[in-house]
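Participant: For reference, each letter of the sequence shown is one residue, going 31 to 230 in this note's numbering.
Some hints could be false.
Pairwise CB distance ranges, derived in the manner of DEER restraints [what the hints assert, rightly or not]:
#, residue 1, residue 2, range
1, Glu110, Glu47, 29 to 39 Å
2, Tyr191, Pro169, 13 to 23 Å
3, Leu157, Glu91, 27 to 37 Å
4, Lys79, Thr183, 18 to 28 Å
5, Leu157, Pro55, 18 to 28 Å
Listed next, the in silico DSSO-like pairs over lysine-lysine satisfying Cα-Cα at most 30 Å (straight line) [to be verified]:
#, residue 1, residue 2
6, Lys106, Lys67
7, Lys79, Lys96
8, Lys126, Lys96
9, Lys139, Lys99
10, Lys67, Lys33
11, Lys99, Lys79
12, Lys106, Lys126
13, Lys106, Lys139
14, Lys126, Lys67
Keep in mind that the hints were calculated from the coordinates and are not lab data. Ideal placement from N, C-alpha and C gives every residue a C-beta, glycine not left out.
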Amino acid sequence: MEKIFKQTQQLNVLLRETSVDFSEPFPYQVILERAAKVINGHIFGINSKRNCLGYGYASDEFRENKILKNFFTYQKISEEISDEALKNFEISDSVKIESSLLQKIELLKSNFADHWVTIGPIEGNRLRLGSLFVLTAEPLSNEQIMLLDTLSTFIGNQASYIMLEELESQRRENSFASLIQSLSRPELETFKTIIEKIDL
31 MEKIFKQTQQ LNVLLRETSV DFSEPFPYQV ILERAAKVIN GHIFGINSKR NCLGYGYASD
91 EFRENKILKN FFTYQKISEE ISDEALKNFE ISDSVKIESS LLQKIELLKS NFADHWVTIG
151 PIEGNRLRLG SLFVLTAEPL SNEQIMLLDT LSTFIGNQAS YIMLEELESQ RRENSFASLI
211 QSLSRPELET FKTIIEKIDL
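Go ahead and model the full structure; you've got the sequences and the hints to work with.
Facilitator: This is the structure:
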């Protein structure tokens with residue numbers, strides 16, 4: 031109990047203090063790199079469009095593996111695998127990689143032979159927004175499942191909040207554009223004058 035308490039604290043501090051940079055190709059890279067150490071499993075995440083959110087390794091043996099890095103950078107998980115993963119709203123049971131959704135990806139099968147695969151749903155506002163894939167030498171323990179649940183919930187809530195913000199921003203822009211298009215020339219001139227005075 032003390033161990034899982036400390037691990038949960040460690041993960042919560044990590045999530046609270048690690049920034050997410052959506053201007054980067056892998057916005058959750060730093061979080062997943064550090065979370066992999068806490069959960070003690072290799073992790074990669076994808077969103078519903080199959081873009082990689084980031085990846086991390088529990089051990090350093092894979093850190094300099096350029097083939098794996100190129101895979102996460104330039105390739106996408108197939109639609110079939112992504113769609114199957116998105117059907118699950120609960121953390122999956124751990125299964126051997128050769129029996130998992132990743133069985134057709136030879137690169138992962140060869141690098142993570144004899145590993146177990148567990149899939150955690152990234153969900154927010156009742157929307158399935160992506161999936162976390164965790165590869166471990168043994169099936170996930172109850173403690174690891176709790177940590178994975180915390181991680182996937184954090185990412186899901188944050189991603190859904192950002193998505194709603196973007197939708198609201200787009201709605202405001204569309205409303206503003208519609209308003210401008212509906213104005214006559216004299217009204218546009220008046221509007222322009224008002225804006226210029228505000229800017230001053």
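Participant: Next, verify each hint and record whether it holds.
Facilitator: Verification of the supplied hints:
1. Glu110 x Glu47: 29 to 39 Å: holds (37 Å)
2. Tyr191 x Pro169: 13 to 23 Å: violated (32 Å)
3. Leu157 x Glu91: 27 to 37 Å: holds (36 Å)
4. Lys79 x Thr183: 18 to 28 Å: Holds: the Cβ-Cβ distance is about 21 Å, inside 18 to 28 Å.
5. Leu157 x Pro55: 18 to 28 Å: At roughly 23 Å between Cβ atoms, Pro55 and Leu157 fall inside 18 to 28 Å, so the hint holds.
6. Lys106 x Lys67: holds (24 Å)
7. Lys79 x Lys96: Answer holds: Lys79 to Lys96 is near 24 Å, not above 30 Å.
8. Lys126 x Lys96: holds (24 Å)
9. Lys139 x Lys99: This hinted pair holds, its Cα atoms lying about 15 Å apart.
10. Lys67 x Lys33: holds (14 Å)
11. Lys99 x Lys79: The given pair, whose Cα atoms are some 19 Å apart, holds under the 30 Å limit.
12. Lys106 x Lys126: holds (21 Å)
13. Lys106 x Lys139: holds (16 Å)
14. Lys126 x Lys67: At roughly 21 Å apart (the allowed maximum being 30 Å), Lys67 and Lys126 satisfy the hint.
Of the numbered hints stated above, the single one contradicted by the structure is hint 2.
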